[in-house]
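K.L.:
In order, the protein sequences belong to chains A and B.
Here the first sequence is numbered in the numbering used here, starting from 144 and rising by one per residue.
Here the second sequence is numbered in the numbering used here, starting from 655 and rising by one per residue.
Hint data in this document are derived by calculation from the structure and do not stem from the laboratory.
Check before you lean on any hint, since a few could be wrong.
List time: in silico DSSO-like cross-link candidates among lysine-lysine, alpha-carbon distance up to 30 Å [said to hold, decoys possible]:
no.	chain 1	residue 1	chain 2	residue 2
1	A	265	A	409
2	A	409	B	761
3	B	761	B	745
4	A	255	B	761
5	A	269	B	745
6	A	321	A	409
7	A	321	B	761
8	A	265	A	321
9	B	746	A	269
10	A	312	A	255
11	A	312	B	745
12	B	718	B	742
13	B	746	A	265
Here are some chain B residues the structure puts well away from chain A; computed CB gaps all over 12 Å [what the hints assert, rightly or not]:
no.	residue
14	712
15	733
16	736
Ideal placement from N, C-alpha and C gives every residue a C-beta, glycine not left out.
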Amino acid sequence: MERRQFITLLTAAGTSAVAQRALGRTAGFSSEGTFPSVGGKTQANLELVRYPQKTDLILLADRPPQLETPLRYFQSDLTSNDAFFVRWHLSGIPTTVDSRTFRLEVSGHVNKSLSLSLHELKSRFKQVSLVALAQCAGNSRSLFEPRVPGGQWGNGAMGNARWTGVRLKDVLDEAEVKAGAVQVGLRGLDVPPTPTTPLFQKSLQIDHARDGEVMIAYEMNDAPLPMLNGFPLRLVVPGWFATYWVKSLSSITVLDQPPKTFWMDKAYRIADNPEGNEDPQHLAAATVPVSAMPIHSIFVRPEPGEQLRAGTSYTVQGVANDGGSGLRRVEVSTDGGQTWSDATLGTDMGNYSWRRWQLQRTPRAKGTFNLMVRATAGDGQTQRTSQWNRSGYQRDIIEHLVVVVA
Amino acid sequence: MRKANCICSAVMTGLVFCPSLVGQTQQSPKASPKKVGNDSVHTIVLPQYPPEIAAGPHVDTYRKDCLICHSARYVAMQPRFPQAVWEKEVKKMVDAYGATISDAEQKEIVEYLVAVRGASESK
């Protein structure tokens, strides 16, 4: 690998501002390389909590739970189940599931309604396995400027896992979808807190549901799903944001007309233009549901506030992904974007997985450096330099990281 | 760091596997929950955390109308926003999420939110 010293570049962000911020949180860098606060708390004061079947995660909210994965867990190809982020929409989340009596119902515009036990699902359909990144559409929301309301995630609302289950297509084929079907409605065991609150329901176009890739998973990293990640079944929609990955999936309804559901019609929508961008002063009139993940890359090491030593070799690391075309290239700049070097790509686990990358460098001079990372997808898409939308979705901007070399 | 309590009731003992008890001592991905007896019933007990409720005008209305559906951390984690943003958020809770809150109480809640997480309009 080509070696080059960091070029000193003093940035607007001072050393003290960086040093005051805390270690530990999944990299939270705005486009200016600074660290957003969460609820007025500095990154250091974010609370770590331990939920059932989980290790210490960052508590954003407790009812319903929103738990963020600390950055250090992204130093491996697969994110362990106990470190995997948690996000539910409705406070009535399932806390007890009897795997003997649980049934997955398949109904609607089909010839043959099904009510499948877990045993039937596992024994009657072919088992498939796939590594795929689950990423919340609101991942990195706290980094948008101007700030937007919603779960104030850093970069830790995602995780990469090996999913094992059966093809949704095979289950739909067993139910014999009737001609004229247009969409498939999906619902889990979670229930709304009041009778007037809409159920959490998502839907996919029928062709997407039958593409042979969308999966009903019963294992995550070769173990049953943790309750908080959707035991006993979770829909896996490779390449698409995790809002479609319905947890504790219990009901599949084939529809002959598009459904009217809050979670498709009102929530998880983005400006209807190729980049999903809008101006805070002039919000887009037309919106569409979020869908596939755009090309995206983040730093994993160094972590916020970590100091590098002049003259000591350091391996900058991160992860990158897109929505399924694969990863062509990751480039890193240590001089605020003046020059770029190719990072070494890690294990290729398939186009729906993230891919780790690294770049070894020895910073020669002391000072403050502005690191940047940009990825190029298999389909040629690259990352952009500015982005904003009212809901803080699908953040995919070129990330800046201010690093102090002492 | 706080830990979740996993309380297996007497009725469930022996039937339930109790993940968090195991999870507290093992953190590796291999720390799959120990299965005790018949493992068909999977149960977790969600931890309870003291609510973070900032003092402010109409805090009782906020408690009564908002915290039915979500904990106070949903507000506590937000950045400071101008009143117009908070008005939109409260309206969203009513129109989109089906919260039943009178117009008068919506105004009180906005006042509370602006007091605890407000910002000037120029931001």
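K.L.:
Against which earlier hints does the structure fall short, listed by number upward?
P.N.:
The structure breaks hints 1, 4, 5, 7, 9, 11, 13, 15 and 16; every other hint is satisfied.
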